[in-house]
Amino acid sequence: MRAIWLTDIHLEFLDDRTFSTFLWELSRRNADAALISGDIAQAPTVSEYLSKMAKFLEIPIYFVLGNHDFYHGSIPAVKDTIRTLSKDSSLLHWLTDGGPVCLCPTTCLVGHDGWGDARLGDYHGSTVDLNDFYLIHELAGLSKRDRLLKLHELGDEAAAHLRKVLP
Numbered sequence: 000m001r002a003i004w005l006t007d008i009h010l011e012f013l014d015d016r017t018f019s020t021f022l023w024e025l026s027r028r029n030a031d032a033a034l035i036s037g038d039i040a041q042a043p044t045v046s047e048y049l050s051k052m053a054k055f056l057e058i059p060i061y062f063v064l065g066n067h068d069f070y071h072g073s074i075p076a077v078k079d080t081i082r083t084l085s086k087d088s089s090l091l092h093w094l095t096d097g098g099p100v101c102l103c104p105t106t107c108l109v110g111h112d113g114w115g116d117a118r119l120g121d122y123h124g125s126t127v128d129l130n131d132f133y134l135i136h137e138l139a140g141l142s143k144r145d146r147l148l149k150l151h152e153l154g155d156e157a158a159a160h161l162r163k164v165l166p
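According to numbering that gives the first Met the number 0, the sequence shown is numbered sequentially starting from 0.
Keep in mind that the hints were calculated from the coordinates and are not lab data.
These numbers were taken from a predicted model, which means no experiment stands behind them.
Glycine included, every Cβ here is placed at the ideal spot set by N, Cα and C.
Be a bit skeptical, because a hint or two may be false.
List time: in silico BS3-like cross-link candidates among lysine-lysine, alpha-carbon distance up to 25 Å [to be verified]: (1) 143 with 86; (2) 143 with 163; (3) 163 with 54; (4) 163 with 78; (5) 149 with 163; (6) 78 with 51; (7) 86 with 163; (8) 86 with 54.
Label-pair distances were calculated between CB atoms; the ranges are [claimed, not checked]: (9) 96 with 4: 28 to 34 Å; (10) 118 with 0: 33 to 39 Å; (11) 29 with 122: 42 to 48 Å; (12) 24 with 142: 27 to 33 Å.
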């Protein structure tokens, strides 16, 4: 299997012409599948970009979402949209919502959107103020303590998914 791997492509910054060129360049790679490891676009447009990619490339696209894919949106709303999109497409495979994908007899693909759970390092002493804390509905407006609890919850969800799908 020949796959192309894309990460942090942030398609919302491309104009239509550049996006078309991007798709054409991907299609020239003659890949059997595409793997996308997050930060595809932002909440209002991520499903549209995935649909356009599937329609143009006509190959399976296995993907997870990154933090930027939830910007200007709500985590549950984006997940619901992506879940519906994936169920309605034979080419779009959201790894967070599925089990292992067997690529060959010795290799499977698993994934989850994943979140930094803030358990390591010095969360309380950190002065880092991520855009996530303002642009993702569930993180916006929270106190530092409540944000930490939400990050723990998101991290726990990712860990539980991987425990479930890994042997």
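| message | Hints numbered earlier in the text: which of these fail when held up against the supplied structure? | response | 1, 2, 3, 9 and 12
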